[in-house]
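Here the protein sequences come in this chain order: A and B. FYI, our numbering numbers position 54 of the first sequence as 54, with every residue one higher than the one before it. FYI, our numbering numbers position 68 of the second sequence as 68, with every residue one higher than the one before it.
The set of hints was computed from the structure by calculation and includes no laboratory data. Please note: incorrect hints may appear among the correct ones.
To be verified - Okay, derived cross-link-like pairs now, DMTMM-like style, lysine to aspartate or glutamate, Cα gap no bigger than 25 Å in a straight line: (1) A:Lys110 x A:Asp276; (2) A:Lys154 x B:Asp45; (3) A:Lys182 x B:Asp170; (4) A:Lys154 x B:Asp124; (5) A:Lys182 x A:Asp198; (6) A:Lys110 x A:Asp24; (7) A:Lys154 x B:Glu140; (8) A:Lys88 x B:Glu150; (9) A:Lys88 x B:Asp170; (10) B:Lys37 x B:Asp6; (11) A:Lys182 x A:Asp201; (12) A:Lys154 x B:Asp109; (13) A:Lys154 x B:Asp32; (14) A:Lys154 x B:Asp6.
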Amino acid sequence: MLHRQTISEKILSARSGRDASAGDIVICRVDHVIGTDASTPMAIDYFERMGGTRLFNPERVTFAFDHYAPPSPSGEAFHARVRAFVRKYGGTLLEVGEGISFQRAVESGKLLSGDLVVGADSHTVTCGALNVFAIGVGSSDLAVAMMTGEIWLKVPATIHITLAGNRAEGAGAKDVALALVKELGSTGASYRAIEFFDPLDQFAVDDRMVLCNLAVEMDAKAAIFPTDAATRRYLAVRANQYREACNADPGARYQREIVFDVSAVTPQIALPHAPDHVVPIAQAIGTPVQMVFIGTCTGGRVRDFREALEVLVRAGERIAPGVTVVLTPASREVEAILTRDGTLARFAAMGAVVTTPGCGACCGTGGVIPGDGMTVISTANRNFRGRMGNPNASIHLASPAACAAAAATGVIIDPTLLPAAY
Amino acid sequence: MPIQFDGRARRLGHDINTDYIIASARKKETLDGNVLKQYLLERIDPAFAASVRPGDIIVAGRNFGCGSAMEVAVTVIQAAGIVAVAAESFSRSFFRNAINNGLLAVECDTSTIVEGDQLAVTLDGATPAVRDLTRGGRWEGASLPPIMQEILGAGGLVPYIRRRGSLTGDTRRGATGSR
Ligand code: SF4
């Protein structure tokens with residue numbers, strides 16, 4: 001008899017073939033394996049040293065060139081290594097410009113409710129927006145998953161978060177996510193899964209991705225949404241296959257239950273140099289910024305750029321002198337949509353730099369690196385000292401709207417304070 | 001067989017993320033631990049790398065290895081000659097990567113351990129422990145699940161998988177079965 005299960009217990013039970021509860025160690029069959037140009041070169045090493053001679057299923061293994069896009073000479077060498085591997089063993093290769101690995105997995109329509117996704121990038125957890133158990137691992141676990149289609153996991157206890165109340169005007173998913181990071185802290189979800197619960201209508205799949213993405217900054221092992229109408233809408237135009245929702249059983253056991261009042265969330269900002277160093281943006285108003293970065297797996301999707309443009313339009317559609325604005329779409333699809341609707345052209349006309357889809361300036365491996373003493377505001381998820389490649393720069397994390405408001409004014413400002421459209 | 005390492009404590013604080021252990025901007029040039037080790041923990045202390053002696057043991061506070069799951073954060077620590085890490089808690093991805101590479105990671109109270117203390121870090125069966133030989137005191141870590149003991153016992157995930165072919169031991173899935 002199966003007991004009443006959380007989503008995590010359900011997925012890990014199904015994939016391990018046993019009735020698994022929080023705390024159990026299970027060996028699971030993996031549905032999708034994802035590597036990046038940052039993690040795969042090392043994984044190839046492990047794969048070869050482990051005696052790997054083939055991929056467990058080339059159709060289920062994807063490698064993305066996202067961290068080194070466009071690549072430096074050393075990045076080219078990493079890419080060459082991965083290309084040679086794919087030629088020999090198969091697997092799908094997403095070349096430079098295709099976008100961030102797990103963003104592409106979500107867009108692909110191939111992730112189905114109840115899937116188990118293993119990605120060698122900590123933010124793979126983002127896929128949980130589509131009702132899948134997605135976990136970020138290192139290169140050695142990636143190698144084992146590539147080779148055998150297996151991963152061993154400790155079934156996590158789950159934190160049950162109800163997102164209650166209506167979102168306040170001007171507070172986006174990023175603000176809610178930052179407020180949650182503050183509430184739980186950098187270790188608030190260590191070794192645990194977070195499962196989100198109704199009412200979720202006000203959170204589209206893109207919003208859910210933001211919430212799952214920042215769960216990693218609370219050290220969550222996974223973060224998962226149930227399947228509902230929004231999930232089905234998102235997949236309707238992408239998937240050619242459906243699977244029944246993999247939702248929690250009523251009466252499942254949770255390690256902690258939190259009712260988080262979304263209506264009380266105002267625009268938030270994470271101050272340098274920690275993602276949980278979050279305050280209401282009102283407390284940081286007036287800080288001059290020299291660089292604005294809109295992009296990444298947290299804030300580089302279509303609605304993020306549209307939201308940012310809307311704020312800039314309200315402020316006269318110009319960028320303040322002395323501010324460098326860098327835009328990096330999270331994927332080719334995002335770039336294409338924003339090209340078609342003219343969003344990117346309008347940013348470019350304001351003087352913004354639009355770069356190749358991928359991770360861009362997020363972690364200092366590709367893209368623009370801020371100068372000494374520069375203050376940056378970014379839509380990303382991490383602001384550790386040196387994260388963007390220069391330890392002498394300070395990074396603030398905020399919503400796309402707040403980043404756009406800073407681009408328009410040259411200072412950190414609450415985007416809701418900017419004048420309404422002319 | 002019990003594992004034991006004796007070495008000098010190298011004291012660090014809370015929330016040491018993997019970017020601080022080795023900056024992404026450094027690893028974009030090379031993944032070679034022998035090159036990268038000169039930048040180990042440079043954000044915390046630029047003089048740290050040069051002061052490491054083989055056999056040193058890192059002692060940290062909460063949430064060691066948080067942030068990126070990059071495995072090079074573990075292999076650089078090993079390349080520098082550090083044999084074990086004790087911390088009040090680890091980020092899960094770092095902990096996994098450590099065990100997978102045969103780096104003993106002990107989760108226990110480290111609050112009274114001081115830089116330079118002589119330590120003995122052990123793993124006897126499922127139980128890891130740290131003893132402070134300078135100041136006295138012994139702390140047991142959370143016990144390791146059997147699979148982690150086996151991986152550590154084998155010397156890491158590479159020899160473990162080489163021997164078994166896969167995690168389940170079903171060789172049809174792994175290396176040997178495909179030949
Ligand atoms: S955008 Fe940044 S956080 Fe996201 S996968 Fe890329 S480097 Fe990691």
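Checked hints:
1. Distance check on the hinted pair: A:Lys110 and A:Asp276 sit about 33 Å apart at the alpha-carbon level, beyond 25 Å; violated.
2. Restraint check for A:Lys154 and B:Asp45: the C-alpha separation of about 35 Å exceeds 25 Å, so the hint is violated.
3. A hinted pair counts as satisfied when its Cα atoms are at most 25 Å apart, and A:Lys182 with B:Asp170 does not qualify at roughly 44 Å.
4. This hinted pair checks out: A:Lys154 and B:Asp124 have alpha carbons roughly 21 Å apart, not beyond 25 Å.
5. In summary, the hint linking A:Lys182 to A:Asp198 is supported, as the alpha carbons are separated by about 21 Å, within the 25 Å threshold.
6. Between the alpha carbons of A:Lys110 and A:Asp24 the distance comes to roughly 28 Å, so the proposed pair goes past 25 Å and is violated.
7. Between A:Lys154 and B:Glu140, the direct Cα distance comes to roughly 21 Å. Compliance with the 25 Å bound is thereby established for this hinted pair.
8. A distance of roughly 31 Å separates the Cα atoms of A:Lys88 and B:Glu150; the hinted pair therefore is violated under the 25 Å criterion.
9. For the suggested pair A:Lys88 and B:Asp170, the alpha carbons sit about 24 Å apart, so the restraint of at most 25 Å is met.
10. Simply put, B:Lys37 and B:Asp6 have alpha-carbon atoms about 21 Å apart, close enough for the 25 Å limit, and the pair holds.
11. Among the hinted pairs, A:Lys182 with A:Asp201 is consistent with the structure: their alpha-carbon atoms are about 24 Å apart, no more than 25 Å.
12. With a C-alpha separation of about 23 Å, the suggested pairing of A:Lys154 with B:Asp109 holds against the 25 Å cut-off.
13. For the given pair, A:Lys154 sits about 31 Å from B:Asp32 by alpha-carbon distance, which is inconsistent with the 25 Å threshold.
14. Only pairs whose Cα atoms come within 25 Å are accepted, and A:Lys154 paired with B:Asp6 is rejected, the gap being roughly 30 Å.
The structure is inconsistent with the numbered hints 1, 2, 3, 6, 8, 13 and 14, although it conforms to all the rest.
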